[in-house]
Amino acid sequence: MTEKIYTKEEWIKALSGLKSFYNIFVPVRDGDFHTFKALDEKKIPDFNFQNTRLSPKSLVYPQSERIFAYTLDEDTPDANIIKESEKDYSPKAVVGIRPCDAHAFQIVRPNFDNPEYQDPWWIQRYESTTLVGLGCNAPGSTCFCTSVGGGPFSEKGLDALLYDLGDTFLIKALTEKGEAFLENAQGGKEADDAALKAGEDLAAKAANKIEQKISIDKLKDKVQTELFDAPFWDDVAFACINCGTCTYLCPTCWCFDIQDEVLEKQGDRIRNWDSCMFPLFTLHGSGHNPRAKKVQRVRQRFMHKLKYYVDKYNNGVQCSGCGRCVRNCPANIDIREVCELMNRL
Amino acid sequence: MENPYLPYPVRIDKIITETEDRNLKTFRFVFLNPKDEEKFSYTPGQFAELSIAGKGESPIGIASSPTEKGHITFTVNKVGLVTTHLHNMKEGDVMGIRGPLGNWYPWEEMEGKNVVIIGGGFAFTTLRSSIIYMLHPENRSRFKDISVVYGARNPGMLLYKDELAEWEQRDDIHMHITVDGTDDPDWKYNVGFVPTITEQKITSADDAIAIVCGPPIMIKFTQPVLEKVGFSPERIILSLEMRMKCGIGMCGRCNIGDKFVCKDGPVFSLAQLKNMPQEY
Amino acid sequence: MLEYVEKIRKTAGKLFEEDKVDVFIGYKKGSLPMMNQPVLISNADQVDLLHWDSNCGLNLCNYLTKRTDRIGIVANGCNSRNIVTHITENQISRDQLYIVGIPCKGMIDHRAVQRAVKQKEILAIEEQGNTFTVKGKDFEDTFNKNDYLQRNCLVCTHRNPVIFDEMVAPPVEEQIEVDTYKDVKQIEGMDPEKKWNFFTRIIDKCIRCYACRNACPLCYCPTCFVDESNPQWVGKSSDPIDTMTFHILRAYHCAGRCTDCGACERVCPVGIPMRQFTKKLNKDAQELFSWEAGLTLDQRPLLDVFQPDDYNDFIR
Numbered sequence: 001m002t003e004k005i006y007t008k009e010e011w012i013k014a015l016s017g018l019k020s021f022y023n024i025f026v027p028v029r030d031g032d033f034h035t036f037k038a039l040d041e042k043k044i045p046d047f048n049f050q051n052t053r054l055s056p057k058s059l060v061y062p063q064s065e066r067i068f069a070y071t072l073d074e075d076t077p078d079a080n081i082i083k084e085s086e087k088d089y090s091p092k093a094v095v096g097i098r099p100c101d102a103h104a105f106q107i108v109r110p111n112f113d114n115p116e117y118q119d120p121w122w123i124q125r126y127e128s129t130t131l132v133g134l135g136c137n138a139p140g141s142t143c144f145c146t147s148v149g150g151g152p153f154s155e156k157g158l159d160a161l162l163y164d165l166g167d168t169f170l171i172k173a174l175t176e177k178g179e180a181f182l183e184n185a186q187g188g189k190e191a192d193d194a195a196l197k198a199g200e201d202l203a204a205k206a207a208n209k210i211e212q213k214i215s216i217d218k219l220k221d222k223v224q225t226e227l228f229d230a231p232f233w234d235d236v237a238f239a240c241i242n243c244g245t246c247t248y249l250c251p252t253c254w255c256f257d258i259q260d261e262v263l264e265k266q267g268d269r270i271r272n273w274d275s276c277m278f279p280l281f282t283l284h285g286s287g288h289n290p291r292a293k294k295v296q297r298v299r300q301r302f303m304h305k306l307k308y309y310v311d312k313y314n315n316g317v318q319c320s321g322c323g324r325c326v327r328n329c330p331a332n333i334d335i336r337e338v339c340e341l342m343n344r345l
Numbered sequence: 001m002e003n004p005y006l007p008y009p010v011r012i013d014k015i016i017t018e019t020e021d022r023n024l025k026t027f028r029f030v031f032l033n034p035k036d037e038e039k040f041s042y043t044p045g046q047f048a049e050l051s052i053a054g055k056g057e058s059p060i061g062i063a064s065s066p067t068e069k070g071h072i073t074f075t076v077n078k079v080g081l082v083t084t085h086l087h088n089m090k091e092g093d094v095m096g097i098r099g100p101l102g103n104w105y106p107w108e109e110m111e112g113k114n115v116v117i118i119g120g121g122f123a124f125t126t127l128r129s130s131i132i133y134m135l136h137p138e139n140r141s142r143f144k145d146i147s148v149v150y151g152a153r154n155p156g157m158l159l160y161k162d163e164l165a166e167w168e169q170r171d172d173i174h175m176h177i178t179v180d181g182t183d184d185p186d187w188k189y190n191v192g193f194v195p196t197i198t199e200q201k202i203t204s205a206d207d208a209i210a211i212v213c214g215p216p217i218m219i220k221f222t223q224p225v226l227e228k229v230g231f232s233p234e235r236i237i238l239s240l241e242m243r244m245k246c247g248i249g250m251c252g253r254c255n256i257g258d259k260f261v262c263k264d265g266p267v268f269s270l271a272q273l274k275n276m277p278q279e280y
Numbered sequence: 001m002l003e004y005v006e007k008i009r010k011t012a013g014k015l016f017e018e019d020k021v022d023v024f025i026g027y028k029k030g031s032l033p034m035m036n037q038p039v040l041i042s043n044a045d046q047v048d049l050l051h052w053d054s055n056c057g058l059n060l061c062n063y064l065t066k067r068t069d070r071i072g073i074v075a076n077g078c079n080s081r082n083i084v085t086h087i088t089e090n091q092i093s094r095d096q097l098y099i100v101g102i103p104c105k106g107m108i109d110h111r112a113v114q115r116a117v118k119q120k121e122i123l124a125i126e127e128q129g130n131t132f133t134v135k136g137k138d139f140e141d142t143f144n145k146n147d148y149l150q151r152n153c154l155v156c157t158h159r160n161p162v163i164f165d166e167m168v169a170p171p172v173e174e175q176i177e178v179d180t181y182k183d184v185k186q187i188e189g190m191d192p193e194k195k196w197n198f199f200t201r202i203i204d205k206c207i208r209c210y211a212c213r214n215a216c217p218l219c220y221c222p223t224c225f226v227d228e229s230n231p232q233w234v235g236k237s238s239d240p241i242d243t244m245t246f247h248i249l250r251a252y253h254c255a256g257r258c259t260d261c262g263a264c265e266r267v268c269p270v271g272i273p274m275r276q277f278t279k280k281l282n283k284d285a286q287e288l289f290s291w292e293a294g295l296t297l298d299q300r301p302l303l304d305v306f307q308p309d310d311y312n313d314f315i316r
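Top to bottom, those sequences are chains A, B and C. Each residue of the first sequence is one higher than the one before, counting from 1 in this note's numbering. Each residue of the second sequence is one higher than the one before, counting from 1 in this note's numbering. Each residue of the third sequence is one higher than the one before, counting from 1 in this note's numbering.
Hints are supplied without guarantee of correctness; some may be wrong.
[To be verified] Cβ pair distances, simulated, as ranges: (1) B/145 - A/73: 50 to 60 Å; (2) A/74 - B/34: 22 to 32 Å; (3) C/112 - A/340: 28 to 38 Å.
[Unchecked claim] With a cut-off of at most 25 Å between alpha-carbon atoms, the simulated BS3-like pairs for lysine-lysine come out as follows: (4) A/218 - B/90; (5) B/274 - A/222; (6) C/120 - C/145; (7) A/294 - B/78; (8) A/294 - C/29; (9) A/43 - C/118; (10) B/39 - B/69; (11) C/29 - A/43; (12) C/205 - A/37; (13) A/265 - A/294; (14) C/66 - A/213; (15) C/194 - A/213; (16) B/14 - B/113; (17) B/220 - A/293; (18) C/145 - A/294; (19) C/118 - A/42; (20) A/37 - A/92; (21) A/83 - B/39; (22) A/92 - C/205; (23) A/218 - A/92; (24) A/83 - A/156; (25) A/43 - A/8; (26) B/161 - A/293; (27) C/120 - A/294; (28) A/83 - B/90; (29) A/37 - C/120; (30) C/66 - A/293; (31) C/28 - A/293; (32) C/194 - C/205; (33) A/265 - B/90; (34) B/14 - B/161; (35) A/43 - C/205; (36) A/209 - C/120; (37) B/144 - B/113; (38) A/209 - C/194; (39) A/312 - A/156; (40) B/144 - B/201.
Keep in mind that the hints were calculated from the coordinates and are not lab data. C-beta: ideal position from N, C-alpha, C; glycine also.
Using the sequences and the hints given, assemble the complete structure.
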């Protein structure tokens, strides 16, 4: 696989050139935080960031997406017939995605792509996207990727990986997609042994910088109903305000709602992110709600991530350790603490 | 790529008002594209999403049997936005159906056994599908005795009245129709709650499987009756209801523990449910 | 601050011992700096969990709604005003509450501090009276607390609780001559198009997580208008018009009730200054009806009463 080295100026120039092959998304500073935006003349990519406030999941799985369209005009022959909306699956590259967020796509995949059903939108957008990761030289204090199967330079789910060596970027292709990306990238030169060595050292040092360790080893063997009936849920849930911050910021939360919207005679069926934190999520037409109480919804979120997913897919926990929910929960509900409680029970 | 969210276009072929309160109607649908009917190959116990442009979708158990060709039927209770709109639609209107979805009653296990069917209120729909399926000449010999306990609040609230009367006349199915109460002097069947009638009529669990569908309160009181007769939890089969959207195990709302009611269910044995979180 | 903590713990302990409360609601130290967590304790053994400092930004009144037990609760100025509002709106009864009043000198604006340290990661914070020190891996900075107060605290004129059963300390001096509505006046001066653009811009990052609504003690409706599906008032997608509808209607539902506690802004994951919506209504309530929410139990809520001399220019 190709391994190249770019000065930082060359790299920005290379990205500009890549725009004719890909829609390039880069981290951009937007007020107090960073966010992924399409690269254009006005945007300055800023690779000097901890992580983006919102996860890049929306690039594969938008918060709102028109999935079908229809007309209600009875004078047309196809009135009331639901039809697929046109979609753009032209190649996209997310440059600077953190390894935890790329790992998250792998965690999410079995939900949308399994032997029984395939979600056409998630899969086609995922497959048309090239993920060029940026290793974390200085992981944050709330990062715990190494506890959940990832790492600051983990290659899981990535097509290529960037190493920030100071004045230069070392980039390694990891998959065919990554290889194609580098083939299209102008400039740079082949990485020499010194650069490769520097990259390795950086990765080793970064892994040691992760102080946060959580234990997930015992979750698999726990009895689902015993964890469900554990005594700590009321205390865990008390402060929760049942907003959607944790689920919307999370790179591995995938729940959605489907809604119809009509303007005059033209309608769309729209898929929107939804959240297990909202009471409406599970409210039956009859008025019955199996998760009417806050504590039930909080328990669902943690049980889903740390037990149901574990049991269902045998693919670790449904968490990539990015720490967004830890940092941004308005009520400071900390998945690291809840995970300890569950693992210890 | 096959799109599991895209409904098949259908036309409403016939609408029958089932109950005296007019809240339950049976809709018979015909596929606009005959090929879609082949693709929509189902087994009794499954459900589908009824899909109305501009309103959304509602998951409903399939009331027809795969042995009934040329159409599929659903009996729909008027509760929410989609079902209320559906009740206002008329024959000839076009809408969509997405499915078939979910699992089905354990037909392979039931083969060669006595079958006990217990239904209450409007949850009788997939049980109708099952009865029609079993009574079909090609299938009847695969099952031993078939007993049915079916109850509603009063005679006017029973579904499929003509078929019930017809089944009563047959000798290859034991019908025990009941109502909670009635002031009809001509009522010729049972009076009493479903659990009570079950206790009187279902006296043996030998080589038998019971399928139970009905309101939670009925299920709650029927369960101990069946266990007392000797049905083990593995042989008591229930069909659950949940709020659903996608119907294919992706949208995340209808889980009980790590099982999705839409994809891993809606049919579960009592034995399975006893090992799942009590959250439904 | 440390004296406050001692006093709160002692008071809570005494309340449990004397069987005056079933539970006590306060804050505990969070797992992150600048982030304390609301906590409910149910016996005297847990009182050492209780904590108070300038990072208690969530409004505890939120946790009182429709409780049926006897509750001890800490309350500073704005929280106490929300408790008053809760009582007058029948969400809790005064008899159930033992209010431990806290004279407040304002909460630290964690975003402003983050900005001041150039978004470097803060690992610890320590308060020393009027200053505080933040520490990270390779930095340490000390700031004057007054320069880093939450924006609502900067213009607060009710730092002392308006209702309490006992105080943890003597009242603090109230801020006088603050120009509470300076920002609102600026917006009032804009032409309609500019106003619309202003409000459109401030909400353009909204992800509809409803943290602002859920952190607000005023938002206790069993079903919020945005969640209503029949009829459906607001679309659920991230369409900007629906998002704007949500923010404007939410603000209107707070008219005459908002105490400007700032919880909505504090919790927003994308930093929307949504007080710009509610403050205008607070200003109107004050100018048109001489009303400030939650000051006394003796008055019905503003929009609950009609007086012949009420402002009524809108009726023509």
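Structure-based check of all given hints:
no., hint, verdict
1, B/145 - A/73: 50 to 60 Å, "55 Å, holds"
2, A/74 - B/34: 22 to 32 Å, "23 Å, holds"
3, C/112 - A/340: 28 to 38 Å, "32 Å, holds"
4, A/218 - B/90, "57 Å, violated"
5, B/274 - A/222, "16 Å, holds"
6, C/120 - C/145, "19 Å, holds"
7, A/294 - B/78, "29 Å, violated"
8, A/294 - C/29, "22 Å, holds"
9, A/43 - C/118, "20 Å, holds"
10, B/39 - B/69, "13 Å, holds"
11, C/29 - A/43, "40 Å, violated"
12, C/205 - A/37, "13 Å, holds"
13, A/265 - A/294, "39 Å, violated"
14, C/66 - A/213, "39 Å, violated"
15, C/194 - A/213, "50 Å, violated"
16, B/14 - B/113, "35 Å, violated"
17, B/220 - A/293, "22 Å, holds"
18, C/145 - A/294, "35 Å, violated"
19, C/118 - A/42, "23 Å, holds"
20, A/37 - A/92, "12 Å, holds"
21, A/83 - B/39, "18 Å, holds"
22, A/92 - C/205, "23 Å, holds"
23, A/218 - A/92, "39 Å, violated"
24, A/83 - A/156, "36 Å, violated"
25, A/43 - A/8, "16 Å, holds"
26, B/161 - A/293, "41 Å, violated"
27, C/120 - A/294, "34 Å, violated"
28, A/83 - B/90, "22 Å, holds"
29, A/37 - C/120, "22 Å, holds"
30, C/66 - A/293, "13 Å, holds"
31, C/28 - A/293, "23 Å, holds"
32, C/194 - C/205, "19 Å, holds"
33, A/265 - B/90, "19 Å, holds"
34, B/14 - B/161, "17 Å, holds"
35, A/43 - C/205, "17 Å, holds"
36, A/209 - C/120, "16 Å, holds"
37, B/144 - B/113, "5 Å, holds"
38, A/209 - C/194, "49 Å, violated"
39, A/312 - A/156, "20 Å, holds"
40, B/144 - B/201, "17 Å, holds"
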